[in-house]
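Novice: One-letter residues, chain by chain:
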Amino acid sequence: MQVKNKSVIGESHHALSEYRSKKLLAEYYIPVTEELLVRHPADAVSAAEKIGYPVAMKACSPELMHKTEAGCIELGITSDDGVLLAYKRIKSSVTVELEGILVQEMVPGIRELIAGLNREPQFGPCVMLGIGGVMTEIINDTVFRVAPFDLVEAMDMMRELRSQAMLSGFRGQLPVDLETVCRCLVALGDIGLEHPEISEIDINPLKVNQDGRVKAVDALVVFSPENRI
Amino acid sequence: MQKSIEHTALYHIMNPEHIAMFGASNRFAAMGTNLLSSIKALGFKGDIYPVHPKEVQVMGLKTYASVMDLPVVPDLAFIVLPTNLVPEILEACGKKGIKHAIIVSGGFKEVGGDGIALEKKICDIADKYSMRFVGPNCIGVVNPHHRFNATYFPYQQASGFIGMASQSGSFVTQMFDYLSNFGLGYSAGISVGNEANIDLVDCLEYLGACPNTKVISLYIETIRRGREFIDMARSIVPHKPIVAYYVGGSEAGKKATFSHTGALSGPDKLYDGIFRQSGVIRAQSIEEMFDFCLCLGMCPKPEGNRVIIQTHSGGPGAVAADVCCREGLKLNPISQNTRKKLAPYVPHTGSTNNPIDITYSKNPMDYYVSIPKVLMEDEDSDAVLIYFLMPDHSVQRAMEGFGITGEKAVEQTGVFIDDQSKTVADLLKGFSKPFIGFSFYTRENRFIKNLQDKGVAILPSPVRAAKAMSAMVQYVNLREKITRGGKKAA
Chain Y
1 MQVKNKSVIG ESHHALSEYR SKKLLAEYYI PVTEELLVRH PADAVSAAEK
51 IGYPVAMKAC SPELMHKTEA GCIELGITSD DGVLLAYKRI KSSVTVELEG
101 ILVQEMVPGI RELIAGLNRE PQFGPCVMLG IGGVMTEIIN DTVFRVAPFD
151 LVEAMDMMRE LRSQAMLSGF RGQLPVDLET VCRCLVALGD IGLEHPEISE
201 IDINPLKVNQ DGRVKAVDAL VVFSPENRI
Chain R
230 MQKSIEHTAL YHIMNPEHIA MFGASNRFAA MGTNLLSSIK ALGFKGDIYP
280 VHPKEVQVMG LKTYASVMDL PVVPDLAFIV LPTNLVPEIL EACGKKGIKH
330 AIIVSGGFKE VGGDGIALEK KICDIADKYS MRFVGPNCIG VVNPHHRFNA
380 TYFPYQQASG FIGMASQSGS FVTQMFDYLS NFGLGYSAGI SVGNEANIDL
430 VDCLEYLGAC PNTKVISLYI ETIRRGREFI DMARSIVPHK PIVAYYVGGS
480 EAGKKATFSH TGALSGPDKL YDGIFRQSGV IRAQSIEEMF DFCLCLGMCP
530 KPEGNRVIIQ THSGGPGAVA ADVCCREGLK LNPISQNTRK KLAPYVPHTG
580 STNNPIDITY SKNPMDYYVS IPKVLMEDED SDAVLIYFLM PDHSVQRAME
630 GFGITGEKAV EQTGVFIDDQ SKTVADLLKG FSKPFIGFSF YTRENRFIKN
680 LQDKGVAILP SPVRAAKAMS AMVQYVNLRE KITRGGKKAA
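Chains as they are written, first to last, in my numbering: chain Y, 1 to 229; chain R, 230 to 719.
Note that these hints are calculated values from the structure, not bench results. Please note that the accuracy of each hint is not assured.
Partial pick of chain Y residues on the chain R-facing surface, computed with a CB cut under 8 Å [unchecked claim]: (1) Thr142; (2) Val143; (3) Val146; (4) Phe149; (5) Val152; (6) Asp156; (7) Glu160; (8) Arg162.
Because the structure is a prediction, the values reported are computed rather than measured. Even for Gly, the Cβ is constructed at its ideal location relative to N, Cα and C.
Could you build all of it, start to finish, from the sequences and the hints given here?
Specialist: This is the structure:
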């Protein structure tokens with residue numbers, strides 16, 4: 001079982017939890033993983049059965065930002081017993097108060113994108129698209145646009161990626177649903193324009209499954225300091 | 230978005246009729262005196278009114294003790310004074326009813342401390358009187374078509390078609406001579422200084438509307454009004470190309486960190502995206518920026534990215550081909566039809582692959598006229614790159630071979646080269662396909678100079694020519710994207 005690390009940021013509620021971050025993205029028609037937030041082991045099992053195995057389980061809290069703290073994500077769980085074990089391990093791995101445990105579909109596929117929003121004082125909300133995955137920093141293939149922009153411009157962002165060949169079909173992977181990626185990028189810009197309190201959004205990864213469909217597998221919405229709760 | 234040029238903030242600054250000149254005196258070392266000298270040297274046709282508390286006459290011009298004494302309301306105040314005098318003079322100009330100014334003086338925001346408050350003060354004065362000004366802390370402006378050079382440097386070049394706005398004064402004035410090495414000149418040059426009132430966006434608006442400007446060049450260290458820059462550029466690019474050379478990172482860019490990807494979000498990449506979204510071609514150096522401007526201003530735009538290269542020397546042709554491929558341009562095989570048309574001109578040692586390598590010409594004008602004509606007529610390509618080499622001495626040697634000697638040979642060489650360059654230039658005028666020549670010879674060479682002066686784009690190396698061709702394809706693609714997507718990015 002893979003273990004992904006997460007770190008704990010002490011400052012309280014300057015971000016939305018993964019669950020609530022994705023709820024916001026879904027309001028803007030950004031496809032997100034099917035997931036349920038549970039507070040009891042038995043609910044976790046029924047959630048997993050409802051979603052269908054294999055599932056991922058994650059500790060869910062606005063205080064859990066990306067990275068470090070072993071054990072608060074478990075991937076590829078295939079049985080009820082696995083769910084119960086994961087539930088216990090995740091609970092004991094974190095000290096912060098949790099919104100709950102997130103039970104989530106596993107998205108198969110070998111291609112990962114990253115997408116995000118940031119604010120640049122002279123340009124306002126800027127949207128980023130990049131090649132994701134464990135080597136994202138090494139590959140260092142990212143492109144930017146200033147919101148608002150249209151679908152033509154979003155399509156041009158994809159053409160600007162050095163690794164754009166990854167978006168076409170290869171090795172049994174179908175071409176990426178470019179139109180949906182474009183809509184996600186335009187939507188991120190719209191969120192930036194309509195929500196001045198949000199300073200930053202990260203979708204990492206925006207995973208591409210074998211048939212080319214994309215889904216936000218992890219997401220984080222961060223507030224600007226003056227808007228922190 | 231597009232205003233008529235008379236309604237842009239810069240119109241009276243670039244095309245003044247009556248100038249109130251502050252800072253010129255009979256002290257010849259003074260900056261203001263030098264600037265007045267520059268204005269007079271280019272033969273400015275309007276009226277200049279020096280204002281000075283003590284002088285009676287400066288450089289033969291009647292001088293006034295106060296701006297209030299001037300017989301007319303000038304359309305421009307040119308202020309080259311010690312920093313602390315600027316606010317009161319600007320205020321006086323406002324009272325007089327002058328609506329435009331160039332403030333060369335430094336010592337404002339760029340020095341920090343009291344300078345920041347002083348800059349705020351001149352901005353407030355300008356707002357109070359609805360004045361627009363360039364600067365402070367700038368080198369001035371130049372409009373050769375209006376015979377108006379308000380910079381320290383003499384403008385001795387021809388008027389041109391490049392409209393430049395620069396956050397470095399040096400890249401306006403010190404380029405005068407550089408551009409003349411290509412037979413180029415400015416249509417307008419604006420050193421924006423601190424951009425306290427008029428900024429790059431205002432410059433774009435003016436240059437976009439300026440009929441003498443065929444291509445806009447920008448030297449950028451920071452963009453202050455981001456969204457407005459993008460929208461203004463997108464409104465211009467459908468009818469006029471913009472090339473920018475950007476250096477450094479914005480204050481903001483340095484802070485920009487996407488939390489998962491902090492290392493990835495450098496300001497440079499952000500600006501790549503911003504320029505592409507704006508439809509602006511990004512050059513990698515000042516030289517490259519002007520290479521792109523030369524070709525964009527002189528050549529018809531390509532309809533696609535299929536290039537044919539013609540050479541008679543293997544090396545230069547191979548270099549051009551290599552760079553074309555790296556830049557994403559296509560070198561397709563030459564069509565059967567075109568090969569057939571080329572056959573009479575290509576000796577058995579030559580090749581009609583792409584590059585077409587003639588090796589040697591049976592008749593010198595095959596290389597410069599007959600073959601280019603066939604290539605320009607070729608329907609399966611969008612652009613032509615040709616290696617140019619016609620040293621005076623080899624023409625002269627050929628003359629001597631025909632028995633023409635001495636002064637007669639020199640004269641005949643000149644006549645021959647002039648005729649040939651005219652024939653080449655005339656041939657190219659008939660086509661709407663871009664053609665860029667490349668040569669290691671410069672304007673010292675009569676053939677190159679003639680061709681450039683007759684409007685043929687020639688750059689000093691195969692690498693530079695191929696990159697400029699790529700920039701033209703990039704412009705066409707950006708223009709198409711913006712036209713399709715709508716002028717506003719939204």
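Novice: For each hint, tell me whether it holds in the structure or not.
Specialist: Hints, one by one, checked against the model:
For the restraint placing Thr142 (chain Y) at the interface with chain R, the shortest Cβ-Cβ distance is roughly 5 Å, inside the 8 Å limit, so the hint holds. At a threshold of 8 Å, the smallest CB-CB gap from Val143 (chain Y) to chain R is about 5 Å, leaving the interface hint in force. Interface hint status for Val146 (chain Y): upheld, as the beta-carbon distance to the closest one in chain R is roughly 6 Å, under 8 Å. Interface hint at Phe149 (chain Y): satisfied, since its Cβ lies 5 Å from the closest Cβ of chain R, which is below the 8 Å cut-off.
Nearest Cβ of chain R to the Cβ of Val152 (chain Y): about 3 Å, under the 8 Å cut. The hint holds. Given the 8 Å rule on beta carbons, the hint for Asp156 (chain Y) holds: about 6 Å separates it from the nearest Cβ of chain R. With a cut of 8 Å, the hint placing Glu160 (chain Y) at the interface with chain R holds, because the nearest CB-to-CB distance is about 6 Å. The closest approach between the C-beta of Arg162 (chain Y) and any C-beta of chain R is roughly 11 Å, which is over the 8 Å cut-off, so the hint fails.
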